[in-house]
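S.K.: Please put together the full structure from these sequences, using the hints given.
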Amino acid sequence: MDKELKYYHRINSAFIGRKIIEVYYEELDYKTDSEFWEHSTDIHSVDMNVIFRLDNNELIQIKWDNEFYCYGIGFEKLNEINIREGIKTIKLTENKNWAKLIGKEISEIIVLWDISEGITKEYKNNRVIKSEKTITKLPQTWQIEFGVEKIWVSALEIKENGTNSYWADHLTILFNNSEQEKYQLIKNASTQQRLIANSGF
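Numbering (numbering that gives the first Met the number 0), first residue to last: 0 to 200.
FYI, nobody ran anything at the bench for these hints, they're computed from the structure.
Be aware that one or more of the hints could be misleading.
Here are the in silico distance ranges between beta carbons for each label pair [unchecked claim]: (1) N187 x I128: 28 to 36 Å; (2) D1 x N160: 38 to 46 Å; (3) I195 x E37: 29 to 37 Å; (4) G16 x T88: 45 to 53 Å.
These figures come from a predicted structure and were not determined experimentally.
Glycine included, C-beta positions come from ideal geometry on N, C-alpha and C.
M.R.: Quick look at the structure:
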């Protein structure tokens, strides 16, 4: 629980009350002219990271990571945008989905957790010598709110064949509620944590 509380505190102190002034995506560079991040007009599919420059000039990278388990939503502060070989950095500030949110205050973030229960077995000489129930919990999705407007950033990979991966080394940004409902991000969340100003974290 202490780990979760620290996670909430970091989110609250970094994002709540701040405004996004620039947006970047980091993608694997496929050496083509087409943009793989644009899954549809209302969904952006990103291999690597989303980077916000906030109104306090801090750069914060939202990413998939294994802080809790592979793969959930994590983030870290950057000193600068690091241009790396094999990674394409794309500025999205003027994209129509982001442009309407630029300069608007982040009023709330809801962390949507997913919980999976299973059995872990320990073997010796092909025989089970220990069996125990395990619970895995990770932050699957962030619902980021700008007053009445909302977006969702999820460790989700939408695939053309319909076999979508929900604990993915991938980020998907959904810009309207109908898309969120289609992929059941809120409905399938095992638990939620609401982060607002003065929420105590």
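S.K.: 28 to 36 Å was suggested as the range; check whether the CB atoms of N187 and I128 agree with it.
M.R.: holds, 35 Å
S.K.: Could you tell me whether the CB distance from G16 to T88 stays inside 45 to 53 Å?
M.R.: Given range 45 to 53 Å: violated, Cβ gap about 27 Å.
S.K.: For the range 29 to 37 Å, tell me whether the beta carbons of I195 and E37 fit it or not.
M.R.: At 31 Å between Cβs, range holds.
S.K.: Range first: 38 to 46 Å. Now tell me if the beta carbons of D1 and N160 are that far apart.
M.R.: Because 41 Å falls inside the window, the suggested range holds.
Checked against the numbered hints given earlier, this structure breaks only hint 4.
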